[in-house]
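Chain order of the listed sequences is A and B. Under the working numbering, the first residue of the first sequence carries the number 116, and numbering increases by one thereafter. Under the working numbering, the first residue of the second sequence carries the number 116, and numbering increases by one thereafter.
Because the hints were derived from the structure by calculation, they are not lab data. Warning: the hint list may mix true and false statements.
Copies of one chain are not kept apart here, so a pair can be met inside one copy or by any two copies together.
[As the list claims (entries may be wrong)] Under the rule of at most 35 angstroms between Cα atoms (straight-line distance), these lysine-lysine pairs were calculated in the DSBU-like manner:
#: 1; residue 1: Lys126; residue 2: Lys141
#: 2; residue 1: Lys141; residue 2: Lys123
#: 3; residue 1: Lys177; residue 2: Lys492
#: 4; residue 1: Lys123; residue 2: Lys177
Protein chains: 2
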Amino acid sequence: MDAAEFRKRGKEMVDYVADYLEKIEKRQVFPDVEPGYLRPLIAQCAPQDPESFEDVFKDIEKIIMPGVTHWHSPYFFAYFPAASSFPALLADMLCGGIGCVGFSWAASPACTELETVMLDWLGKMVNLPEEFLAGKDGKGGGVIQGSASEATLIALLAARTKTIRQVQSEKPELTEAEIMGRLVAYASDQFCATLGTTPCCSFDKLLELGPICNKENIWMHIDAAYAGSAFICPEFRHLLNGVEFADSFNFNPHKWLLVNFDCSAMWVKKRSDLIGAFKLEPLYLQHHHQESGLVTDYRHWQIPLGRRFRSLKLWFVLRMYGVKGLQEHIRKHIRLSHQFEHLVLQDERFEICAKVVLGLVCFRLKGSNELNEALLKSINDAKKIHLVPCHLREKFVLRFAICSRTVESTHIKFAWQHISQLATDLLKTWVQNHHQQ
Amino acid sequence: MDAAEFRKRGKEMVDYVADYLEKIEKRQVFPDVEPGYLRPLIAQCAPQDPESFEDVFKDIEKIIMPGVTHWHSPYFFAYFPAASSFPALLADMLCGGIGCVGFSWAASPACTELETVMLDWLGKMVNLPEEFLAGKDGKGGGVIQGSASEATLIALLAARTKTIRQVQSEKPELTEAEIMGRLVAYASDQFCATLGTTPCCSFDKLLELGPICNKENIWMHIDAAYAGSAFICPEFRHLLNGVEFADSFNFNPHKWLLVNFDCSAMWVKKRSDLIGAFKLEPLYLQHHHQESGLVTDYRHWQIPLGRRFRSLKLWFVLRMYGVKGLQEHIRKHIRLSHQFEHLVLQDERFEICAKVVLGLVCFRLKGSNELNEALLKSINDAKKIHLVPCHLREKFVLRFAICSRTVESTHIKFAWQHISQLATDLLKTWVQNHHQQ
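Between the sequences and the hints, there should be enough to build the whole structure, so can you do that?
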């Protein structure tokens, strides 16, 4: 395919994506396929000779779409949102076109520098303490990781390296292995200090944890993967109070800030802590600017060597939505979760299982776990909406997460009526079958 | 931005990307900017109100492009290639549009199943032993990782977990920390068993290493990040002989197989070794198919939880190029590296420093490291082409890597004439200044 054909096919693909997202509501949110559906539809080997774009293109609807769970359907209420917006899609096209690999400043200065500045923008939007910002000569700064898991792993490894070096300087007779065997990482059952846990969007008490960590010289990493985006609204920023005690913090704009996956934003107070743990300097990656304090070589901040130009997505989204547009998006989602909460509360057969703080409602039928498992099964079997469950203190609970960028009040009402009707149907047979319970 | 505006802007972006790639040759391959260039060009904070697409779009040429190192310029001979092709760009647009997060089969069955089948296709293309393929009921299989570093880390962690469990079953009195302190990972100065090292594209002797690893029950991981793509050509497949002894193998189609970053292909003989090390099963990620042998939940195969629909890129590229088209691409690059090698060999001032096997030529002026450092500096200061160096046995060596998809014989000739002229200029002043050496 040459550039001329790409112009043609690229525009067809733009229309396909626009059509897909515009009409996504009409697709069944969860697919009908059974495991192994795809292999028989596809050749056993790659073709020897090139196939045409048309051949491939028509297989999208034939082979791919029947097996897609439509995360951007307004009837998708499962997991947490996966961010998506048109500005982010445009930025990703540009990112692919430039196709640079930004492991060092020299490998593409714009890729590194835009990332540093965008993470400062984003840090200011959530009102992070100055120490986390790079600025012109700060000691902290931000980086885009692929996922919160990666950010947590990085924080853990940096903390470990830092602690090992401290202990080694005090007790040089100990080997690294001996020290490692004695290190302790403290975590709750959701791991590390978390703002907005996945099962129920609960919040750790940073103002209690933070001073203890600081006093005991413990690295504190805060993961606010989902919830972090809400902190751009002043009325939710208090949930982040205590971040001033942390060594590292991250949240995922690719969850709730309209930046397509992947874009997990991580900040540290001391960039030297990361670089100390991961620095790698083969000659082919050295460049004559690297000793300058101005230069960031992001390969020292992450597990992979290579990295895409992901900050373009932040740049496009932050500018084309503006802070106000993004706040509106967050506030709409939270408004809708409270709408659903109120609908649940009006039905005395149901109970709310955790405080609704942001865009997640945990609810269940009053009754046994089996009953709620049956309700979830009937919801997901009907495939009109899609939810996933969680366990909260031994109880089987349904999670209703506001996900789609385009979800509106009418979809919430529809979802509730649907759930309510399925509950009525279920309870009817359930009472017949379990009348002695 | 709504779908209607996206249709318009998306098409403009397609044209911008097509223009960029079509005329990339006219851009200076390495930018003129100094560290810190970008921050003064950009606002200090994100805007409160939305900006227009036009505003953002015009800043691409004004702010971003002056700081881009053009990896796809045919004058770019640095590092290793970063793959890019039009079919991959189209697939990435689709991937962004679908925007699913494929951490489990249920999260988007197509995302998981296409990946499994594409890794089988790719595995067959490099003639991997059957054990590495998933097939319908194989014990092995492939996965797309973000980078070779991630694949190596995964292999290391899986090997460590496997060994710890073995030792624990034999000596239950040992703690995990005690066992860990005694574990040994064997590596050369390029780490693990490597096919096509970054400095000079050298190859470890798998047929010698493999049997020892198997006999001593050592996990063997083979990293062929760059070189692996060449194994789709029968005449280079012998370089992979010995893979049958390995536990895991990976190479990066995002380097040399025209699949845009990121797409690092990794295979294991026993998927249970990975799943055993990384399995995580919170309720909200469980689904009723997961006990079926047919189902793969890729979150157990990797560090991150989330994952994009990256196999679409493989599907588009493998079909639209066909195996023959991709072989042609590899063979062209290798032909061009030999062309450059011959040009170097005809000039007795220069020497070739490592056997040219694939698309990398390591060369230098006969003489001191300082002389070669000066030559590289004059090449990169002129900014007509871009190279990076390496160290081979204490010697400072210039790496000439064939990178761009569109590089042709004329670019190689130009590059050599340019280098040769700069060497002549340099040697003139060098002899004057260093005549006593």
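For each hint, the structure was consulted:
no.: 1; hint: Lys126 to Lys141; verdict: both (23 angstroms within a copy, 25 angstroms between copies)
no.: 2; hint: Lys141 to Lys123; verdict: both (27 angstroms within a copy, 23 angstroms between copies)
no.: 3; hint: Lys177 to Lys492; verdict: within (27 angstroms within a copy, 54 angstroms between copies)
no.: 4; hint: Lys123 to Lys177; verdict: both (22 angstroms within a copy, 27 angstroms between copies)
Hint compliance for this structure: no hint is broken.
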